[in-house]
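All chains, full assembly: derive it from the sequences and hints.
Residue numbers (the numbering used here), protein chains in the order written: chain A, 1 to 348; chain B, 1 to 348; chain C, 1 to 348; chain D, 1 to 348.
Fair warning: there could be bad hints in the mix.
Because identical chains cannot be distinguished in the list, a pair is counted as satisfied if it fits within a single copy or across any two copies.
DSSO-like mimics (lysine-lysine), calculated; alpha carbons at most 30 Å apart, straight line [claimed, not checked]:
#	residue 1	residue 2
1	168	4
2	168	191
3	267	57
4	127	304
5	57	271
6	96	267
7	114	304
8	127	168
9	304	57
10	191	57
11	114	4
12	87	271
13	4	87
14	86	267
15	191	271
16	191	267
The set of hints was computed from the structure by calculation and includes no laboratory data.
In this text, all values refer to a predicted model and were calculated from it rather than measured experimentally.
Number of protein chains: 4
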Amino acid sequence: MKTKIAVLGASGYTGSELVRMLLRHPNAEITTLTADRRAGQEMRAVYPQFSPFTLPKLISIDEVDWAAADLVFCALPHGTTQEVIKKIFAAKASMKVVDVSADFRLTDLAAYAKWYGHPHQAVDLQKSAVYGLTEIYREKIKGAKLVANPGCYTTCAQLPLIPLLREKAIETSNIVIDAKSGMTGAGRSAKENMLFSEVSEGFHAYGVGNHRHMAELDQEFSVAAGEEVLASFTPHLMPANRGILSTIYVRGAGGTAGEVLHGILSKFYAKEHFVHVLPFGETPQSRHVRGSNMTFIGVANDRKPGRAIIVATLDNLVKGASGQAIQNMNVMLGLPESTGIDQIAMFP
Amino acid sequence: MKTKIAVLGASGYTGSELVRMLLRHPNAEITTLTADRRAGQEMRAVYPQFSPFTLPKLISIDEVDWAAADLVFCALPHGTTQEVIKKIFAAKASMKVVDVSADFRLTDLAAYAKWYGHPHQAVDLQKSAVYGLTEIYREKIKGAKLVANPGCYTTCAQLPLIPLLREKAIETSNIVIDAKSGMTGAGRSAKENMLFSEVSEGFHAYGVGNHRHMAELDQEFSVAAGEEVLASFTPHLMPANRGILSTIYVRGAGGTAGEVLHGILSKFYAKEHFVHVLPFGETPQSRHVRGSNMTFIGVANDRKPGRAIIVATLDNLVKGASGQAIQNMNVMLGLPESTGIDQIAMFP
Amino acid sequence: MKTKIAVLGASGYTGSELVRMLLRHPNAEITTLTADRRAGQEMRAVYPQFSPFTLPKLISIDEVDWAAADLVFCALPHGTTQEVIKKIFAAKASMKVVDVSADFRLTDLAAYAKWYGHPHQAVDLQKSAVYGLTEIYREKIKGAKLVANPGCYTTCAQLPLIPLLREKAIETSNIVIDAKSGMTGAGRSAKENMLFSEVSEGFHAYGVGNHRHMAELDQEFSVAAGEEVLASFTPHLMPANRGILSTIYVRGAGGTAGEVLHGILSKFYAKEHFVHVLPFGETPQSRHVRGSNMTFIGVANDRKPGRAIIVATLDNLVKGASGQAIQNMNVMLGLPESTGIDQIAMFP
Amino acid sequence: MKTKIAVLGASGYTGSELVRMLLRHPNAEITTLTADRRAGQEMRAVYPQFSPFTLPKLISIDEVDWAAADLVFCALPHGTTQEVIKKIFAAKASMKVVDVSADFRLTDLAAYAKWYGHPHQAVDLQKSAVYGLTEIYREKIKGAKLVANPGCYTTCAQLPLIPLLREKAIETSNIVIDAKSGMTGAGRSAKENMLFSEVSEGFHAYGVGNHRHMAELDQEFSVAAGEEVLASFTPHLMPANRGILSTIYVRGAGGTAGEVLHGILSKFYAKEHFVHVLPFGETPQSRHVRGSNMTFIGVANDRKPGRAIIVATLDNLVKGASGQAIQNMNVMLGLPESTGIDQIAMFP
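Below is the structure:
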């Protein structure tokens with residue numbers, strides 16, 4: 001029997017990616033799609049690629065019959081998400097929820113209030129939420145009712161760094177993360193600075209010195225290292241649809257060479273389906289993971305002794321959002337982890 | 001038991017697309033990959049996206065053990081293909097071959113000699129070849145040993161026009177096909193005029209007035225119409241990787257309106273898995289079929305009475321090449337036609 | 001002494017292009033910049049490329065001191081333009097105005113009402129307006145007080161076709177114009193369907209069968225031919241910032257060959273600075289006119305006897321809008337026509 | 001009287017950029033264009049944008065009459081350049097040469113041999129060469145006969161960092177330069193990894209840990225700091241034609257804040273025409289300098305106390321190559337420095 005799935009926020013890019021993959025997932029049946037501003041329309045009016053397929057009509061969240069769903073993917077803007085998920089559990093206590101927003105990622109409610117500008121509205125729920133970086137928290141996710149899917153930037157920085165921080169293999173005071181994201185990471189909102197002519201044929205940094213994703217990085221890096229870690233992090237937008245590529249500059253603890261860091265990562269991810277460590281000295285391209293749930297990681301020595309450069313890449317809409325969300329669903333449902341998300345990268 | 005597959009020319013884009021889809025095809029096993037200039041290398045050295053997967057090493061065609069393969073996809077340059085396929089059947093008469101090149105598409109050997117500049121080298125084989133436009137020649141493909149997979153431009157023009165020509169619904173003397181292709185249609189050869197900086201941020205026509213794909217169009221249009229048809233056809237290159245979009249200007253025979261043309265196409269393709277006719281008046285975007293085996297067709301009336309505009313689009317590497325090749329394989333093997341190629345378009 | 005220039009609508013792309021070129025125009029001084037929604041801001045806040053330069057602060061139209069300007073470029077949305085220009089002439093009868101909008105292009109007020117959905121609001125002014133296709137109407141522009149700068153699509157179709165229609169060298173019933181435009185042609189408004197991720201990596205037609213630019217084409221083609229001409233015209237959006245490329249399919253009148261058409265165009269534009277006819281058989285690329293005021297035109301024979309294919313290209317923001325506007329200003333002011341707009345195309 | 005200019009290597013992108021700007025330079029006359037593989041062809045065959053202009057035919061270097069030229073721009077591959085320039089001075093001792101290649105940039109011949117794999121072939125000339133970072137070495141350039149134009153990556157890192165190193169305002173052991181370049185930086189050679197389909201829609205680092213441009217950085221940083229400086233530097237390729245954007249992570253010496261660094265840069269470049277420092281906290285976009293000779297620099301504080309992030313950007317073909325080359329020519333000839341290169345950035 002298939003799990004009945006509701007996708008909230010189906011008109012956004014993470015929503016459409018969920019639909020793309022769930023339509024081909026052997027154990028899932030999409031029974032509910034919401035999109036408040038597009039309620040009443042067919043999904044094909046919002047995303048013509050779904051024209052040939054039968055899908056439920058878009059409805060508003062108020063219209064959802066929660067009893068009819070087994071699992072909810074919540075792809076709503078942060079802020080409103082807290083209220084909605086509270087209502088979901090109030091309506092159906094046995095629901096499973098994977099939240100793609102930032103609302104339940106921070107365990108420190110003071111940090112939440114600082115970065116998001118208002119107190120958290122669902123404190124008890126927050127306590128029960130599990131951070132959904134699958135390769136790191138798989139065991140906790142198995143029993144979770146509410147999974148807080150990590151952000152795209154953070155997944156791409158945490159996967160390469162957490163094993164190194166756990167092993168105390170790098171200096172914690174000297175981490176620089178220079179991250180580049182495709183435009184879909186900014187969502188589907190109609191803003192002047194996201195128009196084709198504003199962002200093609202060029203490059204820029206944004207949120208320099210101060211970006212919300214840092215809160216998530218701080219939290220998980222500090223947990224992994226067992227001490228407070230504050231990394232330098234600069235996000236950039238690149239003129240491409242998909243992909244995050246992070247170039248990470250580290251100093252090996254006590255002179256540890258890049259080869260050692262590479263060994264730690266290779267061992268840590270040896271059996272993982274969705275994290276692939278390239279041979280030492282090779283670094284990955286974002287296009288080679290496009291459309292797949294893979295993360296590719298490369299490690300090389302800097303010419304400066306004692307320094308290494310790590311390059312990690314993933315598709316921000318897949319492993320950075322909807323793919324990892326389904327990976328978490330698979331874990332929560334006891335399915336093989338790659339079910340429905342083992343599509344191979346589409347290059348070129 | 002899985003069909004053992006050899007892919008000849010695995011280092012090109014049609015080759016890599018075959019590998020991408022065959023790796024997830026439940027009835028196929030890739031046992032041989034050739035790439036003459038890259039022989040001896042791993043596939044991952046040529047296409048890093050395959051790094052996580054186990055694939056046979058690239059070998060030269062001379063090294064292939066034909067007895068070990070059940071079916072061959074031939075993705076070689078035209079010209080050499082004829083010789084290779086002759087050798088394959090000489091080595092194993094029971095082989096099934098899907099040829100992605102242009103070598104066996106033209107039944108008129110004089111036309112072949114005219115457009116390709118030399119006489120055909122495998123005349124007998126040519127006679128047994130079946131033109132692989134699946135929706136049109138499905139019955140013949142079932143029993144074929146050698147399928148000549150159509151070109152990308154031609155598939156995108158033939159699917160919308162053949163049903164109309166068969167029904168004599170449009171004037172045959174007045175067809176204009178303005179076709180736009182993504183850059184992967186030009187292959188993976190290192191030519192100055194295909195560099196990023198030469199083709200991004202702009203647009204151009206090429207082969208104006210005279211292009212090899214016309215021979216294929218002439219052949220199939222004339223068969224469908226029962227009279228000689230010569231269409232105007234201009235190919236263009238667009239700054240995108242994938243996609244062909246054809247804007248086709250026709251005059252309805254005896255004043256036939258666009259609605260009638262739309263009705264013919266809707267009926268003809270009503271049960272097809274991979275051809276989707278949009279509601280009358282809507283026209284498709286190439287990005288909404290990207291990565292899928294779908295063809296989308298739209299029909300609208302021109303403001304000039306008696307004229308209609310048809311827009312068709314497909315992914316040149318999938319329905320325009322490797323996807324249709326696997327679709328043909330499925331037909332040849334008696335498998336459900338969409339096996340392994342029902343991936344949904346990836347947008348954005 | 002420099003001519004004092006007001007640019008109305010400086011926050012749009014045609015506005016910023018005017019500023020870019022006028023800043024280097026030896027006979028122009030920008031004294032007024034308006035942008036209603038950005039009034040009070042510096043131009044550098046809207047277009048950071050102007051950061052190093054001294055420019056007047058953006059103000060609202062109501063704040064403009066018309067007496068202080070000699071010439072106005074009006075780059076406002078159609079509709080409001082009529083009211084604004086009426087007020088300008090009421091305030092200063094001796095003003096010279098170049099209007100980049102569509103408001104004064106149509107001499108037939110019924111056609112205006114039909115295509116724009118409301119009666120024209122400045123009927124008397126309309127009668128005095130001169131259509132600003134410089135190479136065709138240069139003499140009239142010299143004495144004009146109000147020039148209606150042509151649209152980008154129409155300039156790119158009229159320049160190649162008007163000389164042929166005047167000479168009755170092509171059949172008027174059989175013209176197909178397949179036009180492709182860069183995204184800047186759609187302006188700077190924040191709409192979902194203009195986001196980078198919606199328009200990159202793909203292609204689509206829009207306004208199929210029915211597009212406002214047709215009214216302008218009809219008017220000028222009919223004038224040139226001396227009979228009513230209705231061309232088929234389909235606009236497309238390409239994933240590039242700048243450039244229009246029109247592929248035009250014609251039938252020579254009485255079997256006239258492409259060489260003859262090419263001869264007519266070559267002769268007609270032999271002394272023009274901004275229209276360049278390529279050798280017969282060559283067709284142009286949009287990128288080779290990027291950023292310049294040039295139009296490149298190529299002519300080739302179709303393989304179908306009696307048919308020819310014409311390809312024309314220009315930069316939609318320069319010759320298709322702001323460049324031609326300054327060209328018209330130069331004509332109105334009696335300056336050498338290429339003053340300030342002879343920048344060479346930037347490729348790559 | 002105009003200076004007679006020879007451009008060697010006119011078929012490359014730096015060559016065509018030189019031609020684009022020199023054609024509009026009031027004091028320059030292009031009398032010689034070379035391109036060995038294209039010798040005998042017209043420039044328009046290699047770069048159609050020059051079709052409307054009169055230019056000398058391309059010849060091979062052996063055919064050049066050196067006596068007829070006053071100044072040579074040498075845009076040849078490194079290695080061959082040394083031999084050619086030796087011959088030029090042998091033929092005409094009074095020649096002025098601006099070399100765009102890397103051949104004369106390194107004063108330490110051992111460093112040259114290490115990074116380029118062979119001993120320098122023109123040791124005496126090397127001693128007389130002046131490093132052409134105009135804003136830093138203007139006085140020396142005035143009297144130079146041979147100027148070694150800096151690389152694009154290095155210009156974009158040296159301009160923001162040299163003033164800070166001179167003032168000892170940043171720690172020299174802790175500089176990380178994450179640089180992103182447009183594809184034209186890789187030149188016009190037909191290589192598979194530079195094809196549109198290989199580099200569009202994605203991002204990657206290359207030369208990680210070890211890149212030739214580092215030698216130039218080391219040399220000039222060490223001179224500026226008065227001690228050996230080794231920065232971490234990683235180049236990346238972005239899917240855009242033009243632009244370099246460098247994100248630079250520094251630690252203020254003794255806790256110096258970003259505001260102080262910003263103050264040093266603002267003062268240093270206050271009177272410069274081509275270097276613009278944005279208000280503190282703002283960072284630039286590469287597209288806002290496109291096509292211009294400008295460098296934009298922004299400085300912001302990192303959230304980590306004592307750390308700052310500097311973002312610098314320029315057009316790699318203009319200030320990063322041909323524009324700065326002409327800027328140096330202007331200095332050598334005693335012309336106003338911005339003559340012929342004051343074109344404003346073209347955005348969008």
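The hints, checked one at a time:
no. : hint      : in the structure
1   : 168 - 4   : neither (43 Å within a copy, 48 Å between copies)
2   : 168 - 191 : neither (43 Å within a copy, 42 Å between copies)
3   : 267 - 57  : between (46 Å within a copy, 25 Å between copies)
4   : 127 - 304 : between (44 Å within a copy, 29 Å between copies)
5   : 57 - 271  : between (40 Å within a copy, 23 Å between copies)
6   : 96 - 267  : neither (32 Å within a copy, 43 Å between copies)
7   : 114 - 304 : between (37 Å within a copy, 16 Å between copies)
8   : 127 - 168 : within (28 Å within a copy, 49 Å between copies)
9   : 304 - 57  : neither (58 Å within a copy, 36 Å between copies)
10  : 191 - 57  : both (27 Å within a copy, 24 Å between copies)
11  : 114 - 4   : neither (37 Å within a copy, 51 Å between copies)
12  : 87 - 271  : neither (39 Å within a copy, 43 Å between copies)
13  : 4 - 87    : within (18 Å within a copy, 53 Å between copies)
14  : 86 - 267  : neither (40 Å within a copy, 49 Å between copies)
15  : 191 - 271 : neither (42 Å within a copy, 36 Å between copies)
16  : 191 - 267 : neither (44 Å within a copy, 36 Å between copies)
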